[in-house]
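Colleague: Now for the letters of each chain:
Number of protein chains: 2
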Amino acid sequence: MKCKTELESFLAEVNKLTSIIYAKSILSWDAETGAPRSGAVARAESIGYLSSLYHDIITNEELNKNLYILEKNSDVLSDKHNKMVKSFIKEYKKLNTIPKDEMVAYNKLISHAKHSWEEAREKSDFSIFSKDLKKIITTLRKFAKYRDENNHPYNVFLDDYEEGMTIDKLEVFFEELKERIVPLLKKIIDSGVKIGNSFLTESYDVETQKQFGEVLLKDLGFDLDKGILSESTHPFTNGIDVDDVRLTSRYDENNFFTGILSVAHEGGHALYEQNIDRDLIGSTLDNGTSLGIHESQSRIYENNFCKSLAFTKFLLPKLKEIYPKQLDGVGVEEFYRAINSVQPSFIRVDADELTYPLHIMVRYEIEKALIEGEIEVDNLPEIWNKKMEEYLGIVPENDSIGVLQDVHWSFGLFGYFPTYALGSAYAAQIFNSLTKDMDINTALENGDMVKPLKWLTEKVHKFGSLLTPDEISLNATGELLNADYFCDYLEDKFLKIYNLK
Amino acid sequence: MKCKTELESFLAEVNKLTSIIYAKSILSWDAETGAPRSGAVARAESIGYLSSLYHDIITNEELNKNLYILEKNSDVLSDKHNKMVKSFIKEYKKLNTIPKDEMVAYNKLISHAKHSWEEAREKSDFSIFSKDLKKIITTLRKFAKYRDENNHPYNVFLDDYEEGMTIDKLEVFFEELKERIVPLLKKIIDSGVKIGNSFLTESYDVETQKQFGEVLLKDLGFDLDKGILSESTHPFTNGIDVDDVRLTSRYDENNFFTGILSVAHEGGHALYEQNIDRDLIGSTLDNGTSLGIHESQSRIYENNFCKSLAFTKFLLPKLKEIYPKQLDGVGVEEFYRAINSVQPSFIRVDADELTYPLHIMVRYEIEKALIEGEIEVDNLPEIWNKKMEEYLGIVPENDSIGVLQDVHWSFGLFGYFPTYALGSAYAAQIFNSLTKDMDINTALENGDMVKPLKWLTEKVHKFGSLLTPDEISLNATGELLNADYFCDYLEDKFLKIYNLK
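Residue numbers (the numbering used here), protein chains in the order written: chain R, 9 to 509; chain F, 9 to 509.
Be aware that one or more of the hints could be misleading.
Copies of one chain are not kept apart here, so a pair can be met inside one copy or by any two copies together.
Here are the simulated DSBU-like pairs of lysine-lysine, each with C-alpha atoms no more than 35 Å apart in a straight line [what the hints assert, rightly or not]:
| no. | residue 1 | residue 2 |
| --- | --- | --- |
| 1 | LYS32 | LYS470 |
| 2 | LYS394 | LYS195 |
| 3 | LYS326 | LYS467 |
| 4 | LYS234 | LYS24 |
| 5 | LYS94 | LYS10 |
| 6 | LYS394 | LYS153 |
| 7 | LYS116 | LYS470 |
| 8 | LYS116 | LYS10 |
| 9 | LYS98 | LYS32 |
| 10 | LYS131 | LYS234 |
| 11 | LYS32 | LYS218 |
| 12 | LYS12 | LYS116 |
| 13 | LYS10 | LYS80 |
| 14 | LYS234 | LYS116 |
| 15 | LYS116 | LYS32 |
| 16 | LYS88 | LYS108 |
Rather than coming from a laboratory, the hints here were simulated on the basis of the structure.
Just so it is clear, the structure is predicted and the values come from calculations on it, not from any experiment.
Sequences and hints are given; from them, build the entire structure.
Modeller: Next up, the structure:
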């Protein structure tokens with residue numbers, strides 16, 4: 009075979025990289041799920057070293073020569089190898105175009121910003137964080153230029169999290185959300201309809217919640233022999249390996265349904281990671297293809313499946329078995345409406361299904377304008393509050409629960425927030441497509457989750473990062489991202505719940 | 009300063025090594041405490057890669073040149089740096105003298121032997137394992153020659169686990185044990201005295217045991233803000249970092265005191281790791297100096313402290329608070345005698361304090377003779393059983409609970425077993441020295457464990473690997489290893505317990 013040597017040499021580097029990524033994943037899992045806080049210094053040293061090894065492998069000139077030879081001979085390579093080559097070249101360009109000293113300075117800045125953001129949030133004083141944020145934005149604009157001077161800087165970052173995503177596409181997307189969801193929310197608020205849900209905040213034994221969480225996860229199709237469900241303050245999923253997928257949930261005695269939703273949400277991420285084709289193991293393509301597509305899988309399980317009327321019919325009798333007192337006399341319809349009640353609130357991560365994308369819209373508009381230099385950092389609190397009022401009809405009383413609530417910007421994560429809304433939209437679009445292929449309501453009512461999982465595996469999961477988000481969308485739904493499905497779904501669901509229209 | 013460049017360059021390599029060791033420690037901790045079995049392949053890949061990085065750093069010729077320059081200029085270096093240089097040179101010699109292809113073949117052999125040993129033990133058929141064991145011994149003899157052809161091969165391996173230990177010293181040591189402990193045991197058995205301990209095997213709630221384990225560990229002086237107590241089938245301690253020391257225990261509903269002893273034993277190891285001088289962090293000297301000295305700290309906490317009459321006075325009332333039913337009417341003396349009752353048994357890890365060193369003696373005599381070529385592998389079951397009869401007065405009915413019970417030889421660990429007995433002997437010697445400096449009985453009765461911990465920290469812990477085992481012994485007890493203390497202690501304790509002499 010042509011370029012046999014180059015391919016072998018490339019695959020040897022891939023193996024090293026896989027080993028480094030594995031070790032970093034375990035260190036990070038350990039840090040989130042039990043490591044004593046005091047061990048942070050040693051861990052940071054080790055992660056720093058592993059990161060430098062990663063950097064050295066990616067930017068190695070010998071590897072790079074091989075990559076360009078392989079790229080030119082793409083016709084003799086398999087799809088998998090071509091995709092691997094492509095992703096390595098992308099990573100090389102990302103890491104190699106920024107001067108090392110500027111990267112070191114930036115990492116220091118980020119490290120400082122983490123603390124200034126924490127302090128600012130604690131004291132609810134934006135000015136403590138604003139200086140670092142300004143520097144971050146200036147640096148990111150410069151980095152974007154280095155990486156691709158002909159592209160819009162925000163597009164450069166978007167592409168890191170969602171390959172192929174651009175401002176142009178997002179403008180269309182959010183425009184439709186603004187036009188349809190903002191009035192929908194207003195209509196619901198103006199209706200004055202109040203949904204009773206006080207039974208959700210009674211006392212629910214936490215140990216029982218944990219046991220139920222594990223049963224639910226298994227019911228959804230997760231293989232507990234090849235993964236772990238653990239606990240952490242901020243739930244997350246870590247697809248360490250197809251054979252070792254780990255997720256966490258959180259449990260609140262007085263808000264038990266958040267624990268269930270958390271298992272369903274992370275369960276969706278985890279099922280994606282667990283059902284990637286085994287042929288992709290060790291290729292660096294054995295993870296979800298993008299943040300948006302990943303979020304679509306968590307959202308479809310959390311919202312489209314678990315918060316549906318059909319699944320409530322399956323779930324409620326089971327919940328009544330373990331919590332007979334708390335749920336005494338609660339009907340299916342009543343429970344369904346309670347878990348779907350809409351209430352504009354300040355904190356994104358606690359938002360309901362309908363208001364959630366509006367929280368994202370606020371962040372998207374602000375971060376895009378920041379990168380474009382159209383607004384000033386100093387004016388952020390004011391701008392934030394104005395947008396909150398415009399889209400959600402509420403104004404936070406302080407910046408802690410306003411502009412300072414999210415960690416992302418302090419990490420330099422710009423272009424990341426939109427993927428949360430894209431996830432919900434993709435979920436609705438994929439769900440729509442799935443309903444054409446099966447009687448999903450009957451499946452959900454019976455808790456027969458094998459069928460939808462099989463469908464999602466064929467249409468989405470198994471490809472890992474072999475396909476782009478656009479290709480996944482086409483494969484699963486026959487078309488590219490289309491916000492109609494999401495808006496239709498929300499209108500249909502919430503107008504019914506609120507007996508409107 | 010002279011050799012400034014060489015020192016800086018050396019310390020940079022030390023940093024890398026520390027980061028690799030940290031990552032390997034976390035991966036291993038993760039594997040033992042919760043990782044799904046299915047993830048073993050990816051983990052093995054990653055550990056293999058980290059090990060190869062470790063190997064490459066140690067055997068790097070550039071580093072080696074620096075090391076020899078630094079060694080020649082030891083007069084300008086600090087004690088710490090001199091010791092670091094020395095330990096790196098030792099490790100270099102160990103890794104560099106064995107031809108790479110032979111090492112690769114050996115690693116394959118070990119990997120195979122693990123399985124053949126498991127199968128042999130399961131089927132209680134020594135012949136399944138004997139072929140691999142023969143190969144391991146042949147290879148080890150060859151490796152010992154490569155590493156130091158003028159030394160006794162068994163001494164080469166001893167030195168890996170216990171710096172400075174030799175067959176000559178061990179012969180004296182075990183000779184005294186044989187002369188004094190074997191007759192002591194015989195005397196106890198022949199006396200016909202039976203100590204009642206049936207209350208120890210009643211049902212004790214496991215969750216309560218776990219909570220008590222944590223309280224006990226804290227009482228012993230362990231800082232739970234800088235470590236974790238977890239659970240595993242085979243308890244162990246991992247001193248990942250002075251600020252991150254992790255240990256596990258096991259709990260048995262019908263044998264609750266094993267859980268307490270396990271916490272005390274691993275707690276002793278963990279206290280050692282937690283009280284190493286902070287100046288040694290990141291130097292690769294921030295772990296216990298040898299297996300024997302390490303074991304002395306686990307044994308002093310397990311046996312000399314927690315199984316003493318004085319500590320029983322502190323412990324029993326606390327146990328009665330949580331297990332009032334099970335311990336109703338049990339007196340201090342009765343409890344003390346029960347937890348110290350002597351019963352020859354087949355399994356080393358379950359042995360009591362008195363018979364434990366005899367289990368080690370069996371293994372020591374056999375493995376030394378194997379390395380010397382004085383006995384044949386095929387005759388091991390027979391030899392094993394004969395020695396068990398001679399020293400413990402019992403003969404296992406099959407090889408599963410006889411010669412096949414321990415994993416060590418299948419891993420190629422020869423020269424490792426003696427350190428277990430050395431640990432108990434060092435513990436008695438150190439305990440004897442400690443009693444001269446403080447009223448330990450009063451401290452134990454009051455559960456005032458700060459004092460002995462402070463003493464041990466000053467005499468043993470704080471030095472990490474800066475001092476050799478001999479230096480630690482001299483520092484803590486004023487003399488080198490002397491089996492008298494151990495034998496005196498055992499005679500004194502057990503003759504009293506059995507009302508003999």
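Colleague: For each hint, tell me whether it holds in the structure or not.
Modeller: Taking the hints in turn, this is what the structure says about them:
no.	hint	in the structure
1	LYS32 to LYS470	both (24 Å within a copy, 31 Å between copies)
2	LYS394 to LYS195	within (20 Å within a copy, 89 Å between copies)
3	LYS326 to LYS467	within (30 Å within a copy, 60 Å between copies)
4	LYS234 to LYS24	both (23 Å within a copy, 32 Å between copies)
5	LYS94 to LYS10	within (18 Å within a copy, 50 Å between copies)
6	LYS394 to LYS153	within (31 Å within a copy, 79 Å between copies)
7	LYS116 to LYS470	between (39 Å within a copy, 34 Å between copies)
8	LYS116 to LYS10	between (45 Å within a copy, 33 Å between copies)
9	LYS98 to LYS32	both (21 Å within a copy, 30 Å between copies)
10	LYS131 to LYS234	between (43 Å within a copy, 28 Å between copies)
11	LYS32 to LYS218	both (27 Å within a copy, 31 Å between copies)
12	LYS12 to LYS116	between (42 Å within a copy, 28 Å between copies)
13	LYS10 to LYS80	within (11 Å within a copy, 53 Å between copies)
14	LYS234 to LYS116	between (38 Å within a copy, 26 Å between copies)
15	LYS116 to LYS32	both (20 Å within a copy, 27 Å between copies)
16	LYS88 to LYS108	both (31 Å within a copy, 34 Å between copies)
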